[in-house]
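There are 6 protein chains.
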Amino acid sequence: MQKTVTFGEIMLRLQPPSYERILQAKSFDATFGGGEANVAVSLATLDMNAAFVTKLPDNMIGISCRNELRKWGVDTGKIVFGGDRLGIYYCEKGASQRASNVIYDRAGSSVAMSSSEDYDWNSIFEGVDWFHFTGITPALGGNMPEICEQACKAAKQKGITISCDLNYRKKLWSREEAKKSMSNLCQYVDVLIANEEDSESVFGISAPNSNIEGGELSKEGYISVAKQLCDTFKLKKVAITLRKSYSASINGWSGMLFDGKNAFFSKEYTINIVDRVGGGDSFGAGLIYSLLNDKSSSEAIEFAAAASCIKHTIEGDFNICTKAEVEALVKGGGNGRVNR
Amino acid sequence: MQKTVTFGEIMLRLQPPSYERILQAKSFDATFGGGEANVAVSLATLDMNAAFVTKLPDNMIGISCRNELRKWGVDTGKIVFGGDRLGIYYCEKGASQRASNVIYDRAGSSVAMSSSEDYDWNSIFEGVDWFHFTGITPALGGNMPEICEQACKAAKQKGITISCDLNYRKKLWSREEAKKSMSNLCQYVDVLIANEEDSESVFGISAPNSNIEGGELSKEGYISVAKQLCDTFKLKKVAITLRKSYSASINGWSGMLFDGKNAFFSKEYTINIVDRVGGGDSFGAGLIYSLLNDKSSSEAIEFAAAASCIKHTIEGDFNICTKAEVEALVKGGGNGRVNR
Amino acid sequence: MQKTVTFGEIMLRLQPPSYERILQAKSFDATFGGGEANVAVSLATLDMNAAFVTKLPDNMIGISCRNELRKWGVDTGKIVFGGDRLGIYYCEKGASQRASNVIYDRAGSSVAMSSSEDYDWNSIFEGVDWFHFTGITPALGGNMPEICEQACKAAKQKGITISCDLNYRKKLWSREEAKKSMSNLCQYVDVLIANEEDSESVFGISAPNSNIEGGELSKEGYISVAKQLCDTFKLKKVAITLRKSYSASINGWSGMLFDGKNAFFSKEYTINIVDRVGGGDSFGAGLIYSLLNDKSSSEAIEFAAAASCIKHTIEGDFNICTKAEVEALVKGGGNGRVNR
Amino acid sequence: MQKTVTFGEIMLRLQPPSYERILQAKSFDATFGGGEANVAVSLATLDMNAAFVTKLPDNMIGISCRNELRKWGVDTGKIVFGGDRLGIYYCEKGASQRASNVIYDRAGSSVAMSSSEDYDWNSIFEGVDWFHFTGITPALGGNMPEICEQACKAAKQKGITISCDLNYRKKLWSREEAKKSMSNLCQYVDVLIANEEDSESVFGISAPNSNIEGGELSKEGYISVAKQLCDTFKLKKVAITLRKSYSASINGWSGMLFDGKNAFFSKEYTINIVDRVGGGDSFGAGLIYSLLNDKSSSEAIEFAAAASCIKHTIEGDFNICTKAEVEALVKGGGNGRVNR
Amino acid sequence: MQKTVTFGEIMLRLQPPSYERILQAKSFDATFGGGEANVAVSLATLDMNAAFVTKLPDNMIGISCRNELRKWGVDTGKIVFGGDRLGIYYCEKGASQRASNVIYDRAGSSVAMSSSEDYDWNSIFEGVDWFHFTGITPALGGNMPEICEQACKAAKQKGITISCDLNYRKKLWSREEAKKSMSNLCQYVDVLIANEEDSESVFGISAPNSNIEGGELSKEGYISVAKQLCDTFKLKKVAITLRKSYSASINGWSGMLFDGKNAFFSKEYTINIVDRVGGGDSFGAGLIYSLLNDKSSSEAIEFAAAASCIKHTIEGDFNICTKAEVEALVKGGGNGRVNR
Amino acid sequence: MQKTVTFGEIMLRLQPPSYERILQAKSFDATFGGGEANVAVSLATLDMNAAFVTKLPDNMIGISCRNELRKWGVDTGKIVFGGDRLGIYYCEKGASQRASNVIYDRAGSSVAMSSSEDYDWNSIFEGVDWFHFTGITPALGGNMPEICEQACKAAKQKGITISCDLNYRKKLWSREEAKKSMSNLCQYVDVLIANEEDSESVFGISAPNSNIEGGELSKEGYISVAKQLCDTFKLKKVAITLRKSYSASINGWSGMLFDGKNAFFSKEYTINIVDRVGGGDSFGAGLIYSLLNDKSSSEAIEFAAAASCIKHTIEGDFNICTKAEVEALVKGGGNGRVNR
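These protein sequence lines are chains A, B, C, D, E and F, in that order. The number in our numbering is simply the position in the first sequence, starting from 1, with 13 added. The number in our numbering is simply the position in the second sequence, starting from 1, with 13 added. The number in our numbering is simply the position in the third sequence, starting from 1, with 13 added. The number in our numbering is simply the position in the fourth sequence, starting from 1, with 13 added. The number in our numbering is simply the position in the fifth sequence, starting from 1, with 13 added. The number in our numbering is simply the position in the sixth sequence, starting from 1, with 13 added.
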């Protein structure tokens with residue numbers, strides 16, 4: 014089995030039950046999530062060997078987080094324990110015209126405060142085929158940009174494929190900081206996942222006449238963005254997720270994979286949303302899985318889009334679904350008939 | 014009041030709360046359900062005298078099941094207690110492109126292991142007007158095909174109308190077994206309820222050029238299926254449910270009644286689904302109710318379709334709704350204004 | 014900060030969880046609500062000084078209700094304690110073709126049995142800018158019509174703007190009683206909120222060829238109704254809510270404001286409904302807020318419609334949302350992207 | 014099977030979950046209960062034929078209540094539907110030094126407003142062996158004292174044994190009213206159930222030097238009270254429940270049966286309380302069951318005390334337990350070993 | 014009405030439902046609490062005018078916290094909004110031999126990072142009679158020791174009575190730091206609340222031969238500690254809580270008040286614990302209430318002990334109980350009879 | 014780290030929330046448990062390398078069970094997938110005089126129907142130090158007695174220490190069957206765990222004058238039983254759990270270890286029970302842990318008794334507690350003071 018490693022922050026996700034607002038809540042559903050951890054769980058549920066690297070506080074909250082990852086089959090053996098706290102994000106689910114809200118309370122987390130000494134990349138990357146991180150990891154500040162580069166260098170040396178999801182978070186760093194760090198890190202990256210909005214925010218790369226709020230980019234626009242990214246950073250592949258935000262309840266969803274030459278668009282799903290957080294991460298995992306398993310570009314983008322379509326119907330950050338379910342959707346399922 | 018009897022298995026239904034997947038569940042909502050029991054509850058809530066016949070284990074689970082039926086007004090006086098266990102089915106509710114999943118754990122149930130001696134049909138059918146069962150009952154195996162035939166014979170002798178819902182379950186028996194048993198039993202049946210898929214699976218009776226997955230049968234196709242069934246088994250009436258599975262969240266729903274000569278199609282409802290399990294059973298009950306109350310064919314199919322439309326908005330197997338609610342929908346309600 | 018006073022009944026709202034029917038419920042979610050209280054909470058969450066006047070029983074239920082209002086920032090200092098009970102309404106949430114049901118159990122409530130002596134309007138209206146009540150308040154019977162008139166007179170004397178939401182409740186009084194009382198009270202009113210259905214029920218004022226059940230009134234029809242109301246009662250403004258009830262799950266929603274001369278229609282929202290109870294009240298509050306803050310007629314109706322659109326996505330009677338959220342929707346939000 | 018009838022009010026019981034106070038509650042657990050209904054359910058779960066007579070509102074709340082009784086096997090065929098509302102009681106569970114609180118909201122209930130014409134006692138008492146009511150029923154006011162007397166007379170004429178639980182409720186009537194009514198009704202009673210506190214409140218009958226708050230009455234005191242009651246009303250039997258209220262969490266519990274000559278004391282249980290509401294009613298049912306089944310006085314009091322001991326460990330008003338469980342406790346169980 | 018001010022941190026309290034451990038939790042009950050806020054809520058529910066001063070983040074979590082305080086009647090008008098986050102504490106409820114666990118995640122909270130400029134003590138203390146804080150407030154670090162002293166000085170100048178609960182938290186500061194700060198602040202204090210353990214930890218003041226773990230201090234020992242504290246800091250009064258920790262489920266609880274000359278011991282309660290967090294705070298509030306209302310020393314200690322006894326039976330940090338309930342317990346209640 | 018293997022059945026445990034009875038339940042809390050799995054989880058949470066061997070159905074229920082074990086750190090790599098179903102047990106929690114009830118629905122489970130080919134003991138026992146099973150495993154019938162013997166033989170050959178918990182289940186097999194099988198298997202066993210009741214049931218070995226129901230065996234009696242067991246089966250050690258069942262809410266609990274020569278009794282705990290299921294298994298795990306870590310007999314029995322004391326305070330079959338918590342209790346904790 015091929016081995017993957019993802020590296021980043023995982024947080025406690027606190028969410029009022031159902032459609033309650035935070036101001037109405039008397040309890041919070043407690044799950045865990047974070048871009049790179051979500052990818053690891055997706056890969057593990059797709060039966061890959063998926064290690065997640067992070068630093069967790071050595072208390073019941075940190076251990077609970079580790080246990081949850083372990084439950085889904087993630088290899089947690091390289092997780093470091095120490096530091097002060099697990100970051101938190103409060104998530105309020107939107108509906109119809111009311112948007113979902115996320116409040117981050119992640120400053121001072123064990124991983125954000127971690128140091129280079131915490132991670133032995135040589136050991137971590139032993140026998141590994143793929144390394145994935147997102148733009149959130151360096152954005153955590155402290156030593157994290159440096160640590161990310163150390164990880165990338167170590168991976169590169171071992172010939173490991175590196176993927177990165179741009180994932181710009183404006184509350185974590187400025188566009189300038191992001192551009193500087195990500196431009197540096199992208200030189201190690203083989204496969205970049207982005208959307209047109211982040212591409213514009215971080216690198217100033219956009220398509221002519223794009224209108225992002227409305228989600229109305231033309232196919233040509235997406236291809237143009239992908240091409241520019243490819244050229245700028247010498248990437249092998251660029252994947253873009255295409256979300257049409259009709260409302261908090263209904264979205265259009267598809268993806269595009271550009272292999273340096275050609276662009277492949279997946280079919281588009283109109284989704285009644287259960288939980289859209291982690292949609293992009295499940296797309297990334299679907300893509301990594303596909304590429305590691307030698308699917309063609311067109312198969313890969315269909316698999317990634319279908320996997321992430323299913324994610325939108327599942328509560329929590331994690332895409333708890335099987336390979337068979339994704340494949341069934343790719344093959345034309347999705348009509349919702351009961352499996353008896 | 015006219016009396017009905019239904020006979021079959023009722024199971025404990027275990028379902029994760031809300032849209033949780035089984036792999037995420039920490040508790041299960043516990044209800045009871047099964048094709049024939051669902052029909053009995055529907056008839057009872059429509060103020061009919063509805064007895065349900067089955068065998069339940071003589072423990073708290075079996076008694077709990079009996080009590081639940083009693084709560085909804087079903088006559089439970091003919092239920093036999095004994096045997097080892099109540100069958101279970103785990104039900105995971107789907108959403109959008111993710112289908113609902115059902116896992117059966119019903120082998121060895123008290124009713125499936127029951128014997129002819131458990132049921133005194135002469136006494137059970139005392140003063141009864143209508144007998145209903147489904148294809149699931151003989152599919153339970155053991156002595157059940159034989160017992161079903163004994164029930165049919167006893168009903169026939171007393172001049173009781175017999176209806177059957179074809180309900181093919183591929184996990185319970187093969188097409189060959191189903192065909193053999195159901196062909197035999199259908200000779201006693203007056204009113205057959207089916208859908209085109211089951212008709213094809215069990216009897217090989219289909220319309221030309223049908224495309225069942227997509228739910229795209231033409232009106233002529235349904236009429237053709239009904240006519241063939243009528244002719245083959247000398248049925249008085251055949252009713253077909255017409256489901257358009259757009260997704261696990263949204264379905265089109267209507268019904269057709271063929272009275273041997275003419276076909277009557279109900280209006281079609283586009284439904285935001287709360288729970289579609291038991292939809293067919295509520296249709297059957299609506300039909301039985303209508304026919305027992307001398308509604309015309311066109312009224313009957315509208316009533317049955319409206320009743321089962323409402324079922325899709327109600328949690329659990331049972332169609333907990335009143336005659337007045339069904340009639341209001343038939344008369345053009347369904348706009349969802351609040352009844353104050 | 015400008016001060017508002019609303020006067021009326023607040024009830025305990027008991028609702029089965031999720032989409033359960035009352036007949037299935039083993040617990041009730043317990044919130045509080047009532048037309049005028051809902052307006053007060055909306056105004057308070059929009060950062061207005063909002064007092065609510067009522068009479069509550071001096072027991073844990075009444076105190077719980079007071080505390081809940083206090084929580085949302087409503088000024089509860091003028092609430093009178095005494096009498097026998099808090100009125101209750103049971104609310105069963107509908108879905109798709111199944112309508113929501115409301116069962117009132119409000120007879121004999123402390124406020125319905127209250128007397129003129131309970132309320133010192135001179136003190137209550139000290140420094141107040143706006144007084145709001147609805148047609149439900151006089152419909153409670155007993156001394157309430159008289160008390161409403163006393164309140165209106167006292168408000169008028171102090172030069173306070175008075176608004177009224179027609180809100181006809183056929184279970185509380187007949188059309189004749191309503192017409193008599195409301196015709197009398199409307200002479201004090203400056204701003205009337207109504208829908209075409211209530212206008213017809215109470216005053217017999219309707220547009221030609223209207224079809225209310227279907228919600229198909231033409232723009233001209235609404236203007237005609239507003240104009241007639243304005244002329245009949247010498248109103249300054251009339252606002253009308255325009256609901257298109259497609260089903261219990263999906264509604265169209267917009268509003269119209271007529272300023273005596275011109276009519277202003279808001280944009281129309283297609284809403285996936287979470288809870289539509291209190292929709293009209295949140296519209297009223299949005300309107301009052303806008304007019305007190307010198308918005309133009311066209312701004313006011315957009316703000317009111319957006320505020321009440323958001324209400325439909327929030328559980329409970331109260332519109333728990335901020336000014337910023339409403340303004341964002343007015344400005345073209347509503348696409349449901351996550352606020353991170 | 015011998016038949017029993019009980020007559021009185023059943024209410025909706027609303028209780029915050031777990032040990033929450035009403036002021037903290039965001040939902041209420043919803044069950045049903047009332048002295049005579051509790052007795053009926055107990056008798057039905059002890060496999061007796063138990064009819065309950067009352068009047069319920071013809072809405073979903075009333076039907077829900079009927080269905081719940083039906084679930085437990087109570088014969089609900091003689092329940093009358095009509096009137097305005099189901100009475101409610103809010104119940105807050107105490108713990109340790111904090112007492113449980115009950116808030117009644119029962120005025121104007123369908124049964125309290127019912128009239129003599131609602132009940133056809135001749136038909137109700139057809140084939141009945143035992144009639145039971147409590148002091149709460151006449152205390153409901155209106156026509157209820159008169160209706161109770163009509164019931165008692167009809168029962169007497171048919172030779173039916175009559176039992177009454179004194180159950181004084183100071184919020185429903187004064188001592189004087191209670192004395193007048195109960196003295197009249199007690200002339201029909203064969204078996205009176207009381208505790209020393211109610212005996213004192215209603216009839217002024219007490220033991221010398223009793224200290225009720227502390228629960229410290231001597232055996233001689235209880236016998237004296239029973240004897241006086243027997244003599245005053247020509248009763249055949251008097252049963253007294255002996256509660257030692259150490260705290261809201263721990264009680265001592267036993268009972269005494271006086272057969273006119275001799276007094277029989279049950280063993281005393283020290284109980285970790287789950288829910289003590291309905292404890293007295295389950296005692297009454299245990300006694301009625303025992304006497305109808307020809308147990309000796311000493312067996313009867315042990316059975317009644319054991320049944321009601323178990324009630325204290327069960328949530329809700331109803332004593333959901335089997336004959337076998339009661340008998341096992343009588344025989345020396347109660348050590349709490351797991352039944353595997 | 015007399016006015017009180019308390020100053021300190023309030024946190025979000027996250028607790029697994031019932032007796033679940035953190036490692037088992039899938040949701041957290043969410044309440045708010047903190048020593049000084051708990052005192053403010055207690056005083057407000059005892060109908061005092063109680064202001065709480067703190068700094069909260071200006072997001073939905075901070076506003077939710079403010080709203081909750083407002084719900085209970087606390088004056089929140091002096092709360093400052095700003096800073097980064099609300100502190101959190103995870104609380105796992107123990108049972109029997111398993112202790113409760115608290116995990117603090119409070120570093121970097123808005124209040125801990127606040128500056129002198131955030132608080133205008135002259136305005137805050139306008140018309141105030143009593144100022145209360147605990148040893149936790151200066152222990153938060155940053156500018157808090159200095160701000161506490163500023164508050165004390167301002168209070169002293171206005172002749173406001175000052176009370177302090179020693180509340181040593183070893184995770185917040187060392188014994189040395191605590192001694193230095195608290196020795197300084199205690200010179201402003203009139204009434205000190207402590208237990209023998211904290212007295213020893215902070216000031217090294219203890220009774221001869223004390224055995225704190227076992228809770229076995231003699232009456233003389235407690236008096237000795239109080240006397241030493243009084244003498245050292247020129248206090249008017251010292252109150253000590255006396256907890257006997259038999260297990261996490263059962264505690265003995267009483268209090269002692271030393272008025273400089275005489276010591277008054279309350280009666281001792283044996284408590285079946287629902288939630289013991291906040292027990293000391295409710296004691297402090299009971300004491301402040303008593304002293305502000307001119308109760309005698311012996312009445313005051315009984316009231317304080319009874320109030321805090323009740324707190325142990327209530328979920329959450331806050332002592333949601335009425336004056337009447339406390340007084341009833343003082344007068345000999347606590348037998349747990351139902352209040353009907 | 015030393016490695017352990019346990020082998021047996023794990024079931025889905027379905028339990029009504031809180032103290033609800035099965036007849037009242039509308040949902041079931043869903044956990045997993047079974048004697049040998051419980052031991053494996055305990056060992057894993059004590060930081061041992063603990064593999065659990067069983068056969069699970071290859072569906073979402075079986076995978077969910079595997080994931081749960083994985084979450085707690087159990088090595089699930091040797092679990093076999095296949096067969097028809099996961100066994101179930103319904104568990105109703107008792108209180109006070111009402112006993113807990115367990116209903117087994119385990120017939121036909123994947124593990125009970127498994128064959129010798131399913132388990133490759135040579136591979137399973139690679140590098141293993143300790144093998145543990147209980148009397149339940151052979152009692153499952155089918156090939157299980159034979160498979161157990163194969164496992165024992167393989168373990169013996171590799172010099173692995175073997176422990177067995179007698180655990181007689183009368184619903185699974187007769188005393189005669191148990192005696193035959195267990196006598197055979199015990200010849201391989203080094204450490205036997207039993208209680209006096211099972212010893213009597215299976216082997217007819219008892220102490221003179223024992224009174225098991227009352228839990229009143231003398232120390233000498235226990236020693237006599239242990240000695241007889243040791244002698245009969247050439248055991249190295251016998252451990253006995255000593256439960257005093259005062260009620261379903263309160264138990265006395267201690268243990269005894271007999272090393273062939275001397276008997277060591279632990280201290281006795283009086284426990285307020287949260288959940289006593291799995292108490293014996295946690296004792297076994299504590300013992301295995303102690304013996305594998307070279308604790309003395311007296312230390313070992315104290316550790317085992319303390320570990321299982323804590324289990325009684327934790328919901329579910331699994332003893333989710335840390336080594337540090339057990340050690341703290343051994344050292345004199347248990348007073349329930351909050352760990353802050």
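The set of hints was computed from the structure by calculation and includes no laboratory data. One should not assume that every hint holds.
Repeated chains share a single entry, so a pair holds when one copy, or any two copies, can fit it.
[As the list claims (entries may be wrong)] List of simulated lysine to any residue pairs, SDA-like, C-alpha gap at most 25 Å:
| id | residue 1 | residue 2 |
| --- | --- | --- |
| 1 | K249 | A276 |
| 2 | K249 | D42 |
| 3 | K16 | K232 |
| 4 | K39 | F277 |
| 5 | K16 | N306 |
| 6 | K336 | I116 |
For clarity, every value in this text was computed on a predicted model and none was experimentally measured.
Results of checking the hints against the structure:
Taking the closest pair of Cα atoms, K249 and A276 come within 25 Å of each other only inside a single copy of the chain (12 Å); across copies the shortest separation is 59 Å, beyond that limit. Taking the shortest alpha-carbon separations for K249 and D42, neither the intra-copy value of 40 Å nor the inter-copy value of 48 Å comes in at or below 25 Å. For the identical chains of this complex, K16 and K232 are neighbours neither inside a copy (34 Å) nor across copies (54 Å), given an alpha-carbon limit of 25 Å. In this homomeric assembly, K39 and F277 never come within 25 Å of each other (Cα to Cα): the closest approach is 46 Å inside a single copy and 40 Å across copies.
When the C-alpha separation of K16 and N306 is checked against a cutoff of 25 Å, the pair qualifies only within one copy, where the shortest distance is 12 Å, while the shortest distance between copies is 35 Å. In this assembly of identical chains, the alpha carbons of K336 and I116 lie at most 25 Å apart only when taken from different copies (18 Å versus 33 Å within one copy).
Going down the numbered hints, you'll see the structure goes against 2, 3 and 4, while the others check out.
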